[in-house]
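*Asks:* Sequences listed follow chains A and B, in order.
With our numbering as the guide, the letters of the first sequence map in order to residues 67 to 502.
With our numbering as the guide, the letters of the second sequence map in order to residues 99 to 860.
The set of hints was computed from the structure by calculation and includes no laboratory data.
Glycine included, every Cβ here is placed at the ideal spot set by N, Cα and C.
Hints are supplied without guarantee of correctness; some may be wrong.
[Said to hold, decoys possible] Chain B residues, not near chain A, derived (Cβ > 10 Å throughout):
| id | residue |
| --- | --- |
| 1 | Pro184 |
| 2 | Ala228 |
| 3 | Glu409 |
| 4 | Ala579 |
| 5 | Gln588 |
| 6 | His785 |
[Stated by the list, open to error] Beta-carbon label-pair distances, calculated as ranges:
| id | chain 1 | residue 1 | chain 2 | residue 2 | range |
| --- | --- | --- | --- | --- | --- |
| 7 | B | Pro248 | A | Gly117 | 40 to 48 Å |
| 8 | B | Pro248 | A | Arg490 | 42 to 50 Å |
| 9 | B | Asp565 | A | Val120 | 30 to 38 Å |
| 10 | A | Gly422 | B | Glu409 | 52 to 60 Å |
| 11 | B | Asn204 | A | Asn226 | 34 to 42 Å |
| 12 | A | Gly313 | B | Pro248 | 39 to 47 Å |
| 13 | B | Lys238 | A | Gln221 | 54 to 62 Å |
| 14 | B | Glu442 | A | Ala480 | 46 to 54 Å |
| 15 | A | Ser300 | B | Gly468 | 49 to 57 Å |
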Amino acid sequence: MSGLRNRMNRLRGTEASSSVEAVLAEPTNVTVEGGAHEEEEELHPAWSSFGVGVRRNEYGAYLLRKTVYPLDHRHGTHAVGELTEAAAGLAAFHRETPSPESILYLDLETTGLGVGAGNVPFMVGIGYLSGDSFIIEQTLIRHPAEEYAMLQDLQAKLRNYSYLATYNGKTFDWPLVQNRMIMNAMRGQTWQLKHLDFLHPSRSIWRNTLASLKLSHIEEERLGIARMEDVPGSLAPQLYFQFLADGNPAPLEGVFRHNESDLLSLTCLSIRFGYLLQETVFERIGYPVEAEELVRTGLWLGRMGRSTLPEELFRRAAAAETAAPSSLLMLAAADKKAGNWERAVLLWQKAILRAGDKHNEDAKEACIELAMYYEHRSKDLESALAFALQALERSEAAIGYGRRDSKRRAEAEAVRNRITRLRRKLGQQEGRGMSG
Amino acid sequence: MNKWTGRAASLEEWLGFLKTDESVMENVTHWRTLPPREAKYAPLPDDLHPAWREALRLRGIERLYSHQADAYAAARRGNHVVAVTPTASGKTLCYNLPVVQSILQNEEGRALYLFPTKALAQDQVAELQALADLMESGIKTHTYDGDTPPTVRTAIRNAGHIVVTNPDMLHSAILPHHTKWVKLFENIKFIVIDEVHAYRGVFGSHVANVIRRLKRICKFYGSNPQFICASATIDNPREHAERLIGEKVELIDNNGAPIGEKHFIFYNPPVVNKQLGIRRSSVLETQKLAAMLLKQGVQTIVFARSRVRVELLLTYLQELIRGKLDDKSIRGYRGGYLPKLRREIEKGLRTGEIRGVVSTNALELGIDIGQLQACVLNGYPGTIASTWQQSGRAGRRQESSVTFLVASSNPLDQYMIQNPDFFFGHPPERALIHPDNLLVLIDHVKCAAYELPFQEGETFGSEPLEDMMEFLVEEKVLHRAGGRWFWMEQSFPAHGISLRSAAQENFIIIDMTTSEHRVLGEVDRFSAPTLIHEEAIYIHEGVQYQVEKLDYPEKKAYVREVDVDYYTDANLAVELKVLHVDKERQTGELLRQYGELTVNAKATIFKKIRLRTHENIGSGPIHLPEEELHTSGYWFSFSEEAAARKSKNEMQYALLGIANVLVHLAPLYLMCDPFDIRVVPQVKAVHTQRPTIYFYDRYPGGIGLSERLYEVHDELLRHAESMITSCGCLSGCPACVGPIEEVGLLGKQQALELLREAGGNA
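All chains, full assembly: derive it from the sequences and hints.
*Replies:* Okay, here's the thing in structure tokens:
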């Protein structure tokens, strides 16, 4: 063996061999493999201090931590039991009403990034509503050979649910679970869980309002949750590797708690979205402050087939004193599409006022929109020309020398054409006026 | 000849005219006419699916060439196959026939095609899809590479019958995500590897390991695909394919494709400086010949050995035709051109709109550009195999074609140009790979572990699995549990491992003489410390430049034109340490050994040497980092008796002379770049205490080159002796033992004596 190590070190040239040797502490508590031994094996006492026990089935054993919450357990703004009321709102995702007990919440802690075959979820956290409780079950495999037993139980569990609620689970957690099933030759599963992935709606609504779209950030900013002494998820793999090396369970407590918090936050986030889709959420919490969030929430609700609450949100956004021009434009675009010209015009004008600076792209955008509106809709050519001229001034001010300015040049050119056309039309009008 | 246009009626007529052109013929050292070859046909196989038969018929294919039929039969027998297929012999049918047949019979079946480049893959898909569409069979062929849009990837994974990709993509995208490819891996019946000869050296060693991983994944999904490989003409197609895929293969090499008469003309530029052995630039001579051909309206391909030369030649030729032909009718082609541009050039060549193309060996591979009439090689391409491949670009089935080989003053070129029988009489080189190079192997063991845990009792390469696993457990990337080893690390190992080593990157030489900086040329990485260190005089097309700055990390040398009466010569201190002797053999007075060694090389000082008088007029230090290399080597030592017969000085010259010959001869036995192998003579080697000549592979861990040389030792030395004997020079020249400035007045004599007395060709 050391032969191969020496050869590797020689081939690699300068890499010091000693440093590698030095950190090679022999594991103090190597987990013993093999079914027969496991039965008698004593569980490290530290596990029970944070509620972890052994779970055995015919395929082997793994660790399980089960936590039961009463329905009135509050996690920030919401209590987990509110799911019974909010779940109906989630019908908008799949056009059928999920029963609160048919939703399974899932969050994984994995050894690496991405969805490659070598990324192993060492901890699988699930949460579900059952009778008078909200239950969280977290599995941990003490080594990869325990995965098979764990997956067998997970698979059996999954069959009882129709919905899978996650945060980015469509592209991460669920494909990883499927990977593991394939890798453990547990294929042949044809049932399909319906995804309730809350990353995408969160992105739609908070993209420009929140600094980060991490669940931990959203919960703090919008769900009233403050985590104490949380182990960041990014540290989880290292803590697990450390455990694999030394067998000491203590540092994993933090990972369990982190995963547990994630599941609770995810549940609350789903409650928030449920209420939102029922259009009752702002009877419980205050309306968003920023116009951007008001508009984005309204637009998202619109896409999800809601119309009452969006009107109120838009009304507030249009009236908001501090609305950013870009938010106003976003709303104006929606109004334009819906034929709601009156407010659209108002919003464009407001955007120009707000922008101030002549380099503001949004204001230029608004000028062009207004020029179009006055020319084609209200046939007020004078106003149209005025806005077109203003658009040109702003457009020319923005042109620099960069490559991306070719787009701006083309835009300015289009405005010039508009001005020419407007002047021509105006001339004709005048002519008609004189002759008439 | 048409008296108005100055054009000959045919290539034959023009060649006849050329024979009377003294200005060309005085430089022609050899003119060989290879007779046309008749086609050997075979009927379409009886069991061919009617739809397939019909599609082929619509394509005008009513019968096969013999090798196509044999490849089909071998594949149908269930054997792994390697088909040797020279340029334009219809090789794609060798694999498409059995693959499409199999999918027509079972549409669940899948196939994976591997091509060394994306461009080749795209060609292939176009051709296959056209055939599939003719059949209305629903067979779907897709490329899967870096350019494939994410939106169609899922569809390809699930529904593509034939997935066409490259080894890099397989390595970094498909295998690590094999769970997304269940449908492919469960149903894979064929793996087609085209251009297997391109997978040699370090790259080939990596690819062989990627294939080990591929087979491992297939096995996991319960499939056991058949391999069909296609290769250019090399000396060892069967052995090479077998090493690459790790399976026994059936060899198909009875090429039945016809070819017209072929003229092979060896052209040696005239000597302009007899003393220094300098000939007129091969670039200028190439340009002259290419221009003659183009003016005749002959569609011509020019091959140059570097990108810079391609651009140089292209500029010259375009200037030449300016006003006479459309500028777009002469094009360049090399790596670095965008795919769209390449497609446009390939198409232009096929339709004949483009009359001339200057290319690197990028066009040597089987990209479809149709068949041209003439080929001009700027410099010997480095191997016999490449030379035939490139020359094969010219040659239509019915018409004559011509290939000019224009030699540079490099000794290997000079040997080839003066020894045409070697070229025509010798089989092409062997493709060598060393998949068990420990560094390469361990890299892929990591990737394989990421893809699927290793199990006790599994094997992967020649190293005991347990040793490798234990090593990687210590490295903290694997974790052992339940008789298996699992990947337990956050990283994605394939991302850190490139199949194509960047070690061979060249240094660019930039001329700053005028305010408009231009690229003058390039120098390979290993020669850089001795050729373009700061203050070195770099001679380019007879003009002297001094290196003002060498940006070592950026691989750039900045030079300025100077006019001085000296040149520079740098000393490279090479320290060799033998670590382990694996094989040895004594013949006569010679002991030859093969084993592992470490090499420490450092450029130390340079001397300024006056032109003509060759007196030393100054020196200076070179400050460049030392390079350490652990690799495999082969060396032979002369006996103490032999050492005693010569003074230390004489021995020095003799060894240096022999080494100079061998360094140029070695590539003749290896399919490698001359820079992949190094030769170092030592009068009293540390290891043997005797006069010794060392060869070593210039890649950590070795790639099998030295080992091969160890095997051909006797022939190599015989060859060296005859090369020195037959060289026309009096006492050494750059084309044999080296110039007298280097090996002394008696160098040639000494080298020959030593070889004859102690050669030990027993």
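*Asks:* Now tell me, hint by hint, if it's right for this structure.
*Replies:* Going down the list of hints, with the structure as the test:
1. Pro184: holds (38 Å)
2. Ala228: holds (35 Å)
3. Glu409: Answer for Glu409 (chain B): holds, closest chain A Cβ roughly 25 Å.
4. Ala579: violated (4 Å)
5. Gln588: Answer for Gln588 (chain B): violated, closest chain A Cβ roughly 4 Å.
6. His785: Correct as stated: the minimum Cβ-Cβ distance to chain A is 16 Å, above 10 Å.
7. B:Pro248 to A:Gly117: 40 to 48 Å: holds (42 Å)
8. B:Pro248 to A:Arg490: 42 to 50 Å: Distance hint for Pro248 (chain B), Arg490 (chain A) holds at roughly 48 Å.
9. B:Asp565 to A:Val120: 30 to 38 Å: holds (34 Å)
10. A:Gly422 to B:Glu409: 52 to 60 Å: Because 53 Å falls inside the window, the suggested range holds.
11. B:Asn204 to A:Asn226: 34 to 42 Å: holds (38 Å)
12. A:Gly313 to B:Pro248: 39 to 47 Å: holds (42 Å)
13. B:Lys238 to A:Gln221: 54 to 62 Å: violated (32 Å)
14. B:Glu442 to A:Ala480: 46 to 54 Å: Taking Cβ atoms as reference, Glu442 (chain B) and Ala480 (chain A) lie about 32 Å apart, which means the hint is violated.
15. A:Ser300 to B:Gly468: 49 to 57 Å: Between Ser300 (chain A) and Gly468 (chain B), where Cβ atoms are some 56 Å apart, the hint holds.
The structure shown violates the earlier hints numbered 4, 5, 13 and 14.
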